[in-house]
Amino acid sequence: SGDVALVGGEGHPPLLAFLATASNSEPTPARSVVRVSSSNGDRFSAARTVSPPGQWATGVAAAMGPGGPIVTWLGGPNPPFSALSPGAAVYAALGAPAGNQLGAVEVSPAEHVQSAVPLHTENGDRWIIAWSGLTQFLSPQSAGRSVVRVTTCSTGCG
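For the sequence shown, my numbering gives the first residue as 20, with consecutive numbering after it.
Just so you know, not all the hints are guaranteed correct.
Stated by the list, open to error - Taking CB as the label site, the calculated pair distances span:
1) Gly-30 x Ser-165: 18 to 24 Å
2) Asn-142 x Arg-50: 24 to 30 Å
3) Ser-173 x Val-23: 23 to 29 Å
4) Pro-98 x Asp-61: 34 to 40 Å
The set of hints was computed from the structure by calculation and includes no laboratory data. Only a predicted model underlies this, so the values are computations on that prediction, with no experimental measurement involved. Ideal Cβ placement from N, Cα and C applies to all residues, glycine included.
Model the full assembly from the supplied sequences, consistent with the hints where possible.
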């Protein structure tokens, strides 16, 4: 579906995160899902889905920190940039130091988020996730001001 993020370093193997077309076993309305695969020598492992079942996904981003990777994306029950409520929210999945076990958590309100980026900071050893979007109850099709929000977390963002 287009979005790809590749991160590595900090003593961890490379991690590939990408959007994929949802399989027929995915509940509707999902049309795209976030999948991840980690490097194992000269190959990557079989990809596994980390986004919640039955939700749309877009805007994949990733970063690496000493505790492992983080993958963020925009998701929700309605298609991206839909005027339907709830709008898209930011989701994050943190990798464990061993095995890159990723579990998704919602880190923002469902407010028609338009983009998000993660960053690890050594000052305080924490994750910073920033996103822009429209305030809740404002349609993506209406003219209005975007808001920028930031959250931080050390473990278990959400």
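TODO: Hint by hint, work out which the structure violates, then give me just those numbers in ascending order.
DONE: Per hint list: 1, 2 violated.
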